[in-house]
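Colleague: The letter at position 329 of the sequence shown is residue 328 when you use numbering that gives the first Met the number 0, and the numbering goes up by one with no holes.
Do not take every clue at face value.
Simulated restraints on C-beta separations [stated by the list, open to error]:
{"id": "1", "residue 1": "G69", "residue 2": "L189", "range": "37 to 45 angstroms"}
{"id": "2", "residue 1": "R70", "residue 2": "E28", "range": "16 to 24 angstroms"}
{"id": "3", "residue 1": "L189", "residue 2": "A82", "range": "53 to 61 angstroms"}
{"id": "4", "residue 1": "G83", "residue 2": "A421", "range": "39 to 47 angstroms"}
{"id": "5", "residue 1": "D192", "residue 2": "G294", "range": "55 to 63 angstroms"}
{"id": "6", "residue 1": "Q266", "residue 2": "A231", "range": "27 to 35 angstroms"}
{"id": "7", "residue 1": "G63", "residue 2": "E28", "range": "19 to 27 angstroms"}
{"id": "8", "residue 1": "G63", "residue 2": "G30", "range": "25 to 33 angstroms"}
{"id": "9", "residue 1": "A17", "residue 2": "Y272", "range": "17 to 25 angstroms"}
Simulated from the structure, these hints should not be mistaken for lab results.
Just so it is clear, the structure is predicted and the values come from calculations on it, not from any experiment.
Where is the CB? At the ideal position from N, CA and C, for every residue including glycine.
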Amino acid sequence: MAQSRCPADGVAPDNYHATSIYPEFVQVEPGRWVLLAESRMDCVIRKNPDGTLEVVEFRRLKKGDLVAVGRGENGEDGIYVHAGPLDQLPDFLAGWTPANLSDHMSADAQQPASQADTQPADNSATASAGHLADGATASGAPGLPGTSGAPGTSGTVTAPSASSASPSPTATADKFAFRTGVSRETSFSLDYDTLYQVLRHDRDNGHIVWVAGPAVVFDADARRAFAGLIDAGYVHALLAGNALATHDLEAALYGTALGQGLYDKRQAPRGHYHHLDAINTIRGCGSIRAAVQSGRVRDGVMHALETRGVPYVLAGSIRDDGPLPEVIADVYAAQDAMRAHVRRATTVVALATALHTIATGNMTPSYQAGPGGSLRPVHFFIADISEFAAGKLADRGSLTSRSILTNVQDFVVNVHRALTGACRTE
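Build out the structure end to end from the sequences listed, making use of the hints.
Modeller: Structure, rendered in structure tokens:
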């Protein structure tokens, strides 16, 4: 790997190599390749003083840091970007090793001290090596499109296709065909079944990160259903903004969202005050956690997160009201807190929030490196009623995302019923 020093703080050297969502292998010495761990797109590769390699944002660079240079992607510059199936690595990569941080640099030392990091994390992203589903080895799971096994390569799997309508492996590709893209007319049955299988596996063997917009809590059934998914262990972290938490807490205190009844849709008298009153009440309690512990908040998504000890990140925006005490106002501190969870994610499910979805997608690699030289895909699902929003993430580089175009409230209720067997959410 060719390398050069940074000329100034936050400035990469000329011809720096920018990372992608794909597995990237770096030749650290002749014949020895290492896989970048905890990667993300649009970053650079820094060589630390102890010799380890780290994927970092430009803002973390310091003058004199050694950074990988060279924009070849086929090994000619000592960097190989693998965009193919994870179980079909080229022969010269045999015996690759992870380029993890050294033991004395713990993950905790790399993460910001925020509410997102104060909760215990029992679900390791690398714990998913082994079995993807009952009776299916990690080299391939029945019903997961795009998965295939590699003999003798335990834990190696192939990421599912970005297409929501995967063709049959035996089908001959036609030069002309209808419905090759993703639209509201697309069949999503396979995508739902894949999602259910992945979530069932990763509940106990992975790290499931949800990215949610306020529409999730604007409906009584959807709000109860998402809280039910938290209670059932299918949510290991939640990334959202001030709005979702505010309207969920408004629902807990007043039974409304933006002044409208969650079930009957009636406008409450002076209901436009409710979300502000909710923020003010929580600020008076000191925190969301304090409001839950005191009994002021007795149900809903934030109540479930707090009572179950599930970490969450509320990233602030320029249009926030209040905001709530837990909202992280510094955009880069919020990004750091989000990445602390995304870097461990094995599955991401994004619900009706275009900007948060794009932000999360830009931090999410297409793979996770596990113990013993294993690879597995990071599954990325998007549920949104807008075709534009669903396609936007793919336009921004997250090519492995799968889109389900539907009302997100119906989506959450259906997922809850499928995973828990509940016929009703109350």
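Colleague: Among the hints numbered above, which are violated by the structure, and what are their numbers in rising order?
Modeller: 3, 5 and 9
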